[in-house]
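Visitor: First to last, the protein sequences are chains A and B.
Throughout, our numbering is defined as the position within the first sequence, counted from one, plus 6.
Throughout, our numbering is defined as the position within the second sequence, counted from one, plus 3.
No lab work stands behind these hints: they were computed from the structure.
Glycine residues also receive a C-beta, built at the ideal position from the N, C-alpha and C atoms.
Take the hints with a grain of salt, since some may be wrong.
As the list claims (entries may be wrong) - Covered stretches of chain A (in silico footprint by chain B; criterion: 3 or more residues with CB under 8 Å from a CB of chain B, positions within the stretch not fixed):
1. 35-41
2. 87-99
Said to hold, decoys possible - With beta-carbon atoms standing in for the labels, derived distance ranges:
3. R45(A) / P34(B): 43 to 51 Å
4. G77(A) / S146(B): 41 to 49 Å
5. G55(A) / K115(B): 14 to 22 Å
6. E148(B) / A25(A): 23 to 31 Å
7. M7(A) / P34(B): 34 to 42 Å
8. P34(B) / L76(A): 12 to 20 Å
Each chain, letter by letter, is given below.
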Amino acid sequence: MSQATIRIPTPLRPFTGGAAEVHVEGSTVAQALDALGLRHRGILDRVLGSDGRVRGFVNIYLGETNVKTLGGLDVPLPDAAIISIVPAVAGGAS
Amino acid sequence: MNEKLVSQTPALRLPPRVLDELKRTARLGYPHEVCGLLIGREDESSTRVDRMTQAGNLSTDRLADRYTLDPDDFQAADTAARRDGLDVVGIWHTHPDHPPRPSRTDLEAAWKGYTYVILSVGREGVAETRAWRLAGSEFVEQSIEEKTP
Numbered sequence: 007m008s009q010a011t012i013r014i015p016t017p018l019r020p021f022t023g024g025a026a027e028v029h030v031e032g033s034t035v036a037q038a039l040d041a042l043g044l045r046h047r048g049i050l051d052r053v054l055g056s057d058g059r060v061r062g063f064v065n066i067y068l069g070e071t072n073v074k075t076l077g078g079l080d081v082p083l084p085d086a087a088i089i090s091i092v093p094a095v096a097g098g099a100s
Numbered sequence: 004m005n006e007k008l009v010s011q012t013p014a015l016r017l018p019p020r021v022l023d024e025l026k027r028t029a030r031l032g033y034p035h036e037v038c039g040l041l042i043g044r045e046d047e048s049s050t051r052v053d054r055m056t057q058a059g060n061l062s063t064d065r066l067a068d069r070y071t072l073d074p075d076d077f078q079a080a081d082t083a084a085r086r087d088g089l090d091v092v093g094i095w096h097t098h099p100d101h102p103p104r105p106s107r108t109d110l111e112a113a114w115k116g117y118t119y120v121i122l123s124v125g126r127e128g129v130a131e132t133r134a135w136r137l138a139g140s141e142f143v144e145q146s147i148e149e150k151t152p
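With the sequences and hints as input, model every part of the structure.
Guide: In structure tokens form, the structure reads like this:
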């Protein structure tokens, strides 16, 4: 098991009591997110779909790398990993 | 779409130097939509902006009326903000030749908790800048106070 810090974006902080970071343990990014969900009920519904995949309107980063390019959520965690939940931002004039 | 200025909505404190940088970036990006992040702090009474960043627009097929903010740029800006004890507090983008009101596309992709600054830009530069926040299922306007922190 590795120690990881999960960075929480402002829109999801109501789920963490306002905390900007949550410290968890896990061997993979998926396990770390599961630990986050156990501690802060409801937050994972905003991050993962019912199939366990990352929802289309968020991105998960391990360090500075989108986990999409690392093979997904089962990527092993290095010690002292930083995981970021990054909102997908889009829109337009019309 | 209903648009209201709700007194409970925290004011947006936007220093003139940041507003000037937003307008300059918007003008340089015209006629394409350009976008980025607002970095600062938020409390119950106000959203304070310390600086802006520009992000890449990954929307390549509708350059004039769509934006998809590059998540790599979001991640980099968020890392830098946290290092300085700040947060991503909002998103800015331009509406080339359109008013600075949220579109249906803006509404569908909006996150509650962020300020959305929209700059209406044309050939002559920025005509109008307005700020919005999601409240329930609609946007409400946020007053802009041009103040230096």
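Visitor: Determine for every hint whether it applies to the structure shown.
Guide: Comparing the hints with the structure gives:
Counting residues of the stretch 35-41 of chain A whose CB lies closer than 8 Å to any CB of chain B gives 0, so the stated coverage by that chain is violated, three being the minimum. Residues of the stretch 87-99 of chain A with a Cβ under 8 Å from some Cβ of chain B number 9, which satisfies the need for three, so the listed coverage holds. R45(A) and P34(B) have their C-beta atoms about 47 Å apart, which keeps the hinted 43 to 51 Å range intact. Taking the beta carbon of each, G77(A) and S146(B) are about 46 Å apart, inside 41 to 49 Å as hinted.
In this structure, G55(A) and K115(B) meet the distance hint of 14 to 22 Å, their C-beta atoms being roughly 20 Å apart. Distance hint for E148(B) and A25(A): a CB-CB separation of about 28 Å, consistent with the stated range 23 to 31 Å. The supplied range of 34 to 42 Å is broken by M7(A) and P34(B), whose beta-carbon atoms lie about 52 Å from each other. The hint said 12 to 20 Å for the Cβ distance between P34(B) and L76(A), and at roughly 37 Å that hint is violated.
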